[in-house]
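S.K.: Below, each chain spelled out in residue letters.
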Amino acid sequence: MATTDINSLKKLSSQIRRDIVRMVHACQSGHPGGSLGCVEYFVALYFHFMKHDKSFKMDAQGEDLFFLSNGHISPVWYSTLARAGYFDPKELSTFRFLNTRLQGHPATHEHLPGIRVASGSLGQGLSVAIGAAQTKRLNKDDRFVYVLMGDGEQQEGQVWEAAMYAAHNKVDNLIATIDYNGQQIDGPVKDILNLLDLKAKWEAFGWIVNEFNGNVMEDVVAGIEKAQSLAKQGKPVLNLMRTEMGFGVDYMMGSHKWHGVAPNDEELKKALAQLEETVGDY
Amino acid sequence: MTKFSFTEKKDTRSGFGVGLLELGKQNPNVVGLCADLTGSLKMDAFKKEFPERFFQIGIAEANMIGMAAGMTIGGKIPFTGTFANFSTGRVYDQIRQSVAYSNKNVKICASHAGLTLGEDGATHQILEDIGMMKMLPGMTVIVPCDYNQTKAATIALGQHQGPAYLRFGRPSWPVFMAPDRPFTIGKADKLIEGKDVSIFACGHLVWNAIEAEAILAEKGISAEIINIHTIKPLDVEAILTSVEKTRCVVTCEEHQMNGGLGDSVAQVLARFNPRPIEMVAVNDSFGESGTPAQLLKKYGLGPENIVAAAEKVLKRKN
Chain E
0 MATTDINSLK KLSSQIRRDI VRMVHACQSG HPGGSLGCVE YFVALYFHFM KHDKSFKMDA
60 QGEDLFFLSN GHISPVWYST LARAGYFDPK ELSTFRFLNT RLQGHPATHE HLPGIRVASG
120 SLGQGLSVAI GAAQTKRLNK DDRFVYVLMG DGEQQEGQVW EAAMYAAHNK VDNLIATIDY
180 NGQQIDGPVK DILNLLDLKA KWEAFGWIVN EFNGNVMEDV VAGIEKAQSL AKQGKPVLNL
240 MRTEMGFGVD YMMGSHKWHG VAPNDEELKK ALAQLEETVG DY
Chain C
0 MTKFSFTEKK DTRSGFGVGL LELGKQNPNV VGLCADLTGS LKMDAFKKEF PERFFQIGIA
60 EANMIGMAAG MTIGGKIPFT GTFANFSTGR VYDQIRQSVA YSNKNVKICA SHAGLTLGED
120 GATHQILEDI GMMKMLPGMT VIVPCDYNQT KAATIALGQH QGPAYLRFGR PSWPVFMAPD
180 RPFTIGKADK LIEGKDVSIF ACGHLVWNAI EAEAILAEKG ISAEIINIHT IKPLDVEAIL
240 TSVEKTRCVV TCEEHQMNGG LGDSVAQVLA RFNPRPIEMV AVNDSFGESG TPAQLLKKYG
300 LGPENIVAAA EKVLKRKN
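Each protein sequence line maps, in turn, to chains E and C. In terms of numbering that gives the first Met the number 0, the first sequence opens at residue 0 and continues consecutively. In terms of numbering that gives the first Met the number 0, the second sequence opens at residue 0 and continues consecutively.
Incorrect hints may have been included.
[To be verified] With a straight-line Cα cutoff of 16 Å, these simulated EDC-like cross-link-like pairs (lysine to aspartate or glutamate) come out:
no.	chain 1	residue 1	chain 2	residue 2
1	E	Lys256	E	Asp185
2	C	Lys133	C	Asp92
3	E	Lys139	C	Glu51
4	E	Lys56	E	Glu109
5	E	Lys169	C	Asp92
6	E	Lys231	E	Asp63
None of these hints come from the bench; they were simulated from the model.
Let the hints inform the model, and build the full structure from the sequences given.
M.R.: Have a look at this one:
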């Protein structure tokens, strides 16, 4: 990938980070920490890797699909979809307000373009993605299905039901990713319910595990490229993507405290001072 | 109206099995998912005929519901199969978020519902599923009464758009509905015309209501028997038309009184035409091991209980 293209992805990432903090500040709720940590992944997927149609058709024949299992990081997805042209970025200002299409957690109920299934109650997205991948196989559609999960979410039993199914049935048109930031609401994952060796666990479940740093755009692009090269060889692929919760805003980084807390006016100012406005605020 | 009789007994789950096979032949988008109960759900024929469209999930019902939701994206029509307990209570949140709230065209097909599951006992005899499913916004809930109607309901679901719950059972049961009798989702089916009392029933208890009608007739009581095979959307018009005439009601179901057909009908009466109602249902209790016949008797769901309920409600009528 050319340096100029990488630079444009980085610029977009900065704008999306501004969108995230402004959105959660405006409604004084929502989840900035995980959203900020996953910006590079969303930007790389939607602006480089995925074949997708912003005019939005639910069935997405011939398109790549993305599912967000950890639905609470909706701000990063909404901003990405808006910046990719699914809807006017101005609508980001309605996030979490009454009558919005941008519900606290993603939903299809209000018909927001880009969303194909509701998420928020954790552990369900991998199953949905596997189902969609099986339908693509039946339809002889060779595009990929991507799904993002949280690391705290790995504590849900359904994740492991789905993991077992995908390996047993060689669902290899699927690329799952874990946002491996080590934090959950109540504290560090290792203190709440330790996942121990997550890589070994997924490998034991029959998956190919691919690791990369999720907060360096070059690494994310190379990591997803590698995941694609590992796919379609009879095994499902899991990206173990190390990120930092709150990445890009210094006072939010390195702690679980900003998992689900909105910045006040002063903190917003401080955050925006660290994030360049590149494409233009909504 | 003709009286109902039967010459053979069959399980309603076999009606589902043949219905699914026929649907599979009609519509290439129909897919079957099963959580390690293919034989019990009578899905073997579909599996054999359409191996590419059959998905063995293993004992992982939550994953099955999530996968079914995902499979609709791209136009498939998933029919999931497992016992009613594992189809609802075990996976309520998966159904709520990934299927109902997301408005996915998933058909949740549930066997071994109610007490007539028999010897397996209360862990498997779910009596709360109708209530759980009917509370979900947009969920269609169907409880057919015999083999032929379960087959017809399964085929009708192939044309239906949106989430649906189809409840059937394990025991051999009288086959009394004509195979060609029309079945329309949401349209109640009047089986016997009467004038003194309206008996609304669903599932296996429709046959018990028919038997009760004969006993009541001998006592000079004219009962109207209506099969409410669709609990949701409820055929309010059919209920009110019957009640306008009879002015009293008995409901019959193999389910808790709380949350079942009876409380749906009671809501209609309370809102539009308050009349006395008696409910033949399980009264806030779990089931237990036993034969289906023993259990129906012990828990008060037999024809004699329906007769007693009708006589009681007639005394309250004015």
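S.K.: For each hint, tell me whether it holds in the structure or not.
M.R.: These are the hints, each one checked on the structure:
In summary, the hint linking Lys256(E) to Asp185(E) is supported, as the alpha carbons are separated by about 8 Å, within the 16 Å threshold. For the proposed pair Lys133(C) and Asp92(C), the alpha carbon gap of about 14 Å is at most 16 Å, so the pair holds. Of the supplied pair hints, the one linking Lys139(E) and Glu51(C) holds, its CA atoms being roughly 12 Å apart against a limit of 16 Å. Only pairs whose Cα atoms come within 16 Å are accepted, and Lys56(E) paired with Glu109(E) is accepted, the gap being roughly 15 Å.
For the given pair, Lys169(E) sits about 27 Å from Asp92(C) by alpha-carbon distance, which is inconsistent with the 16 Å threshold. Restraint check for Lys231(E) and Asp63(E): the C-alpha separation of about 14 Å stays at or below 16 Å, so the hint holds.
Consistency with the previously given hints fails for number 5 only.
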